[in-house]
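Given chain A, put chain B in place with the hints provided.
Sequence lines, in order, name chains A and B.
Per this note's numbering, numbering through the first sequence is continuous, rising by one, with the last residue being 412.
Per this note's numbering, numbering through the second sequence is continuous, rising by one, with the last residue being 1065.
Check before you lean on any hint, since a few could be wrong.
To be verified - Partial chain A-side listing against chain B, Cβ under 7 Å, derived:
no., residue
1, 286
2, 289
3, 291
4, 307
5, 309
6, 313
7, 398
The set of hints was computed from the structure by calculation and includes no laboratory data.
All residues carry an ideal CB built from backbone N, CA and C; glycine is no exception.
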Amino acid sequence: MPTLRDATQEAPAPVRAVANAVSQWIEQLGGVWVEGQLAQISRRPGINTVFMTLRDTVADISVPLTCQRTLFDSLNPPLVEGASVVVHARPSFYANRGTFSLYARQISMVGLGELLARIERRRQLLAAEGLFAPELKRDLPFLPGRVGLITAPNSAAERDVLENARRRWPGVEFEVAYAAMQGTRSAAEVMEALDRLDRNPAVDVIVIARGGGSVEDLLPFSDEAMIRAVHKVTTPVVSAIGHEPDSPLLDLVADIRASTPTDAAKLIVPDMAEEVRGVLWARDRVRQVVGQMVAREQTRLDDLRARPVMRDPRTILDVRSDEVTELRERARRHLSHRLDRAADDIGHQRARAQSLSPLATLQRGYAVVQDDSGQVVTTVGSITAKQKLSIRVVDGRINTTVSNIEEGDPDE
Amino acid sequence: MSDENPSYEVAREELIEVVRTLEAGGTTLEESLALWERGEKLAKICQTWLDGARERLDAAVAEED
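If we strip away everything but chain A, and leave its shape as in the complex, we get (with noise of 0.2 Å):
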């Protein structure tokens, strides 16, 4: 086969080699590292391949980019129409067509970088003014009694969100306030809603809520703007953006930052089993308590009431009983021991006084004189003639009259 630049105008060479001649040109530039933005994305179903214009940023030249369908679905952030990327691509030359393009075998963002550099300066500067300081987080209450939801209509967010704080608590009330969740009216639109919850009174607690996305879609949730009027509201907010690894600065400045929007449901509500355990547990723990303490004092009651004073009160007669008998006992037996030394007493005295009586005196003989009135005489004076006298002999009386007085001692 004759070589192209045998070729000519009697034996021209056909499209094909031509066609396979640029190709194997084209394709012996190898891999090369382009910068550029896309124009246009066509990824249509089917089709393995994606068509994509990357321009350049200056100037008016456009040039053809493809990639495996597989590569495009794999990038996070997907890309989009006007973002700024890096390609690492082959110059290639599809015959069939005889069209020019550049196979990407990587694509990366640019500007993401840039764009994650100027979130971090403003949260630089917001947290010197102190708007994420830690004593301004406000605690969530227990149970609220309504709560503020601003996420996007019919949003996977607002029905998370809905659907747990419900299971976890049924009678929990939703004030719902929709707003775009990305865009450019987002931020806008979030703080009026956020306003207007705020001046609600009934609402006791707001939520931000929005699924996951790119740092291009979540860049509302860090718009100076909103994150100063977060500042400012009076009400708890709750900032549920996206999934875990996301983190606008709306996560900052509000009082409690979710996870994710189901995440924010647990925040906002208690879990009512749980809590109808927690309240059962201590009922019966009081209950028991309650039981022991009765139970613990009808001992001590039963122990007083076991005693013997109390259980048999004749136990205070019985000692009383003891002692009256004893003493019963003593003083028969000292009235006993009295009235035989009584007895004894008077014996003696019988005694003395019988020797002491007169009678054996009368006796031995002698005798007494009592005039008639009893007085015994002991002196002849005290008589006179025809006196009547009676004389006390040993076994009775001699009545007689005086004949004569003789004045001396009748033995001298």
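Chain B in isolation, oriented as in the chain A frame:
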């Protein structure tokens, strides 16, 4: 003694005191009998309190079941 509806604790404390006094002795028979009667009365008051508490507890448990 003038309070005829003493709390459980007041009644129990007095009952303890009555028993202690009775056990210590040194009181007249008349006083002892009066103390014993007082003790009986106090024990009854305590028992009434405990019965009432037990009843209320049982009622609360029964109500729930």
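TODO: Hint by hint, work out which the structure violates, then give me just those numbers in ascending order.
DONE: 1, 2 and 7
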